[in-house]
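Student: Given only the sequences and the hints, what does the whole structure look like? Please build it.
Using the working numbering, the first residue of the sequence shown is number 56, and each one after it goes up by one.
Simulated from the structure, these hints should not be mistaken for lab results.
Remember, predicted model here, so these are calculated numbers, not experimental data.
For every residue, glycine included, the Cβ atom is placed at its ideal position computed from N, Cα and C.
One or more of the hints may lead you astray.
Simulated restraints on C-beta separations [as the list claims (entries may be wrong)]:
no. : residue 1 : residue 2 : range
1   : V148      : G235      : 47 to 53 Å
2   : E300      : G231      : 46 to 52 Å
3   : K99       : G70       : 23 to 29 Å
4   : V61       : G235      : 28 to 34 Å
5   : L135      : K101      : 17 to 23 Å
6   : K83       : H290      : 26 to 32 Å
7   : E133      : S262      : 33 to 39 Å
8   : S276      : H95       : 53 to 59 Å
Capping the alpha-carbon separation at 25 Å, the derived lysine-lysine pairs in PhoX-like fashion look like this [stated by the list, open to error]:
no. : residue 1 : residue 2
9   : K161      : K312
10  : K90       : K118
11  : K118      : K159
12  : K293      : K161
13  : K99       : K159
14  : K101      : K90
15  : K118      : K99
16  : K307      : K293
17  : K307      : K159
18  : K118      : K307
19  : K159      : K101
20  : K118      : K83
21  : K307      : K168
22  : K118      : K168
23  : K312      : K159
24  : K168      : K293
25  : K159      : K293
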Amino acid sequence: RERSLVERSPEVYFGNNHCGGTEIDKIKMMYESMKARVEHVVEKGKAGEEYINGDRERRVLNKWTDEFTRQNHPAVIEILRDNSRDRDIAGNVMPNLIYLSREKSKNVPHQFKAGALNALLRVSAVMTNAPILLTLDCDMRSNDPETPRRALCYLADPSTDQPQLGYVQFPQRFQGINEGDIYCGDLKRMFQINPTGMKNGPDYGGSGCFFRRRSLFGAPSAIVPPEIPQLSPEHCPKGSIGSEETLALAQKVLGCKYEHNTNWGHKVRLSFRS
56 RERSLVERSP EVYFGNNHCG GTEIDKIKMM YESMKARVEH VVEKGKAGEE YINGDRERRV
116 LNKWTDEFTR QNHPAVIEIL RDNSRDRDIA GNVMPNLIYL SREKSKNVPH QFKAGALNAL
176 LRVSAVMTNA PILLTLDCDM RSNDPETPRR ALCYLADPST DQPQLGYVQF PQRFQGINEG
236 DIYCGDLKRM FQINPTGMKN GPDYGGSGCF FRRRSLFGAP SAIVPPEIPQ LSPEHCPKGS
296 IGSEETLALA QKVLGCKYEH NTNWGHKVRL SFRS
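Tutor: The following block contains the structure:
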């Protein structure tokens, strides 16, 4: 931010051989060291004592037991940053940063990405219920730090028909595609040629999209109420995001069986039914 860098992804920025100075080289070394530590932990399957700083980190990491598998594990919620107390080195308020891992069971269909996003919607509603949501895959990035502002210019523009504006989506672009794009990796059909989805609305690409939370609760003129009031887009959460009451409810809505006999994935939220 201090240097007005447009490319904020450290992997891409440092990979482009930008000319830097002592400060840039120091940051690059810190990033490479962090990357090596993460890769070592992933390869080993657990974080060793050399990577744990204090009892709090040890308590968090102790949640991952030997019985954990990708297909079978309990829900995990951990508040890494709380904007009510955390500040950066310049004293500015840090945004909330919350790690979520939804419960999974081999006996319950997890509905892939739609199921993961629906779980995220429920937990975020309980904890903060922000009116705008961004979905961004962990292996994707924005090439413009002004992207959130550009999206909000549409979502907050009083001259537009706000109830009819459900989301603002940015096209996905991929590097390393050959000139003929024989595998259709550039997604031209979806974003340029025929962007109409199954129900005559625009396709949602799964990433790089700013949603209005209200748009996931039925048509503009007829809201579909959730099964509990805390999940309504009009709900105002009370108390701290780290309170026992909030975390208990968040754990409940993150459960793998929570969607049974509800409208999740059908009349409201991200759809996984035809």
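Student: Compare the structure with each hint and give your call.
Tutor: Verification of the hints:
As the Cβ distance of V148 to G235 is approximately 49 Å, the hint placing it in 47 to 53 Å holds. Evaluation of the 46 to 52 Å hint for E300 and G231 yields a pass: the beta carbon distance comes to about 48 Å. Checked against the given bound of 23 to 29 Å, the beta carbons of K99 and G70, roughly 26 Å apart, stay inside it. About 29 Å separates the C-beta atoms of V61 and G235, a value consistent with the hinted range of 28 to 34 Å.
Against the hinted window of 17 to 23 Å, the Cβ-Cβ separation of L135 and K101 comes to about 19 Å, which satisfies the hint. Take K83 and H290: their Cβ atoms lie about 44 Å apart, and the range 26 to 32 Å is violated. At about 23 Å, the CB distance of E133 to S262 disagrees with the hint of 33 to 39 Å. For the hinted restraint 53 to 59 Å between S276 and H95, the CB-CB distance of approximately 54 Å keeps it satisfied.
About 12 Å separates the Cα atoms of K161 and K312, which keeps this hinted pair within 25 Å; it holds. Under the criterion of a C-alpha separation no larger than 25 Å, the hint pairing K90 with K118 is consistent with the structure, at around 23 Å. Restraint check: the Cα-Cα separation between K118 and K159 comes to about 15 Å, which is no more than 25 Å; the hinted pair holds. Distance check on the hinted pair: K293 and K161 sit about 35 Å apart at the alpha-carbon level, beyond 25 Å; violated.
Between K99 and K159 the CA atoms are separated by roughly 23 Å; this keeps the pair inside 25 Å, and the hint holds. Proposed proximity of K101 and K90 is supported: the alpha carbons are some 15 Å apart, at most 25 Å. With a C-alpha separation of about 17 Å, the suggested pairing of K118 with K99 holds against the 25 Å cut-off. Between K307 and K293, the direct Cα distance comes to roughly 18 Å. Compliance with the 25 Å bound is thereby established for this hinted pair.
As the CA atoms of K307 and K159 are separated by approximately 13 Å, the hinted pair is consistent with the 25 Å bound. Restraint check for K118 and K307: the C-alpha separation of about 17 Å stays at or below 25 Å, so the hint holds. Using a Cα cut-off of 25 Å, the hinted pair K159 and K101 holds, with the two alpha carbons roughly 20 Å apart. A C-alpha spacing of about 32 Å is found between K118 and K83, which places the hinted pair above 25 Å, so the restraint is violated.
For the hint pairing K307 with K168, the CA-to-CA distance comes to about 19 Å; that is within 25 Å, so the pair holds. Straight-line distance between C-alpha atoms of K118 and K168 comes to about 24 Å, which keeps the hinted pair within the 25 Å bound. A C-alpha spacing of about 9 Å is found between K312 and K159, which places the hinted pair at or below 25 Å, so the restraint holds. The suggested pairing of K168 with K293 is violated, with an alpha-carbon distance near 29 Å, which exceeds 25 Å.
For the given pair, K159 sits about 29 Å from K293 by alpha-carbon distance, which is inconsistent with the 25 Å threshold.
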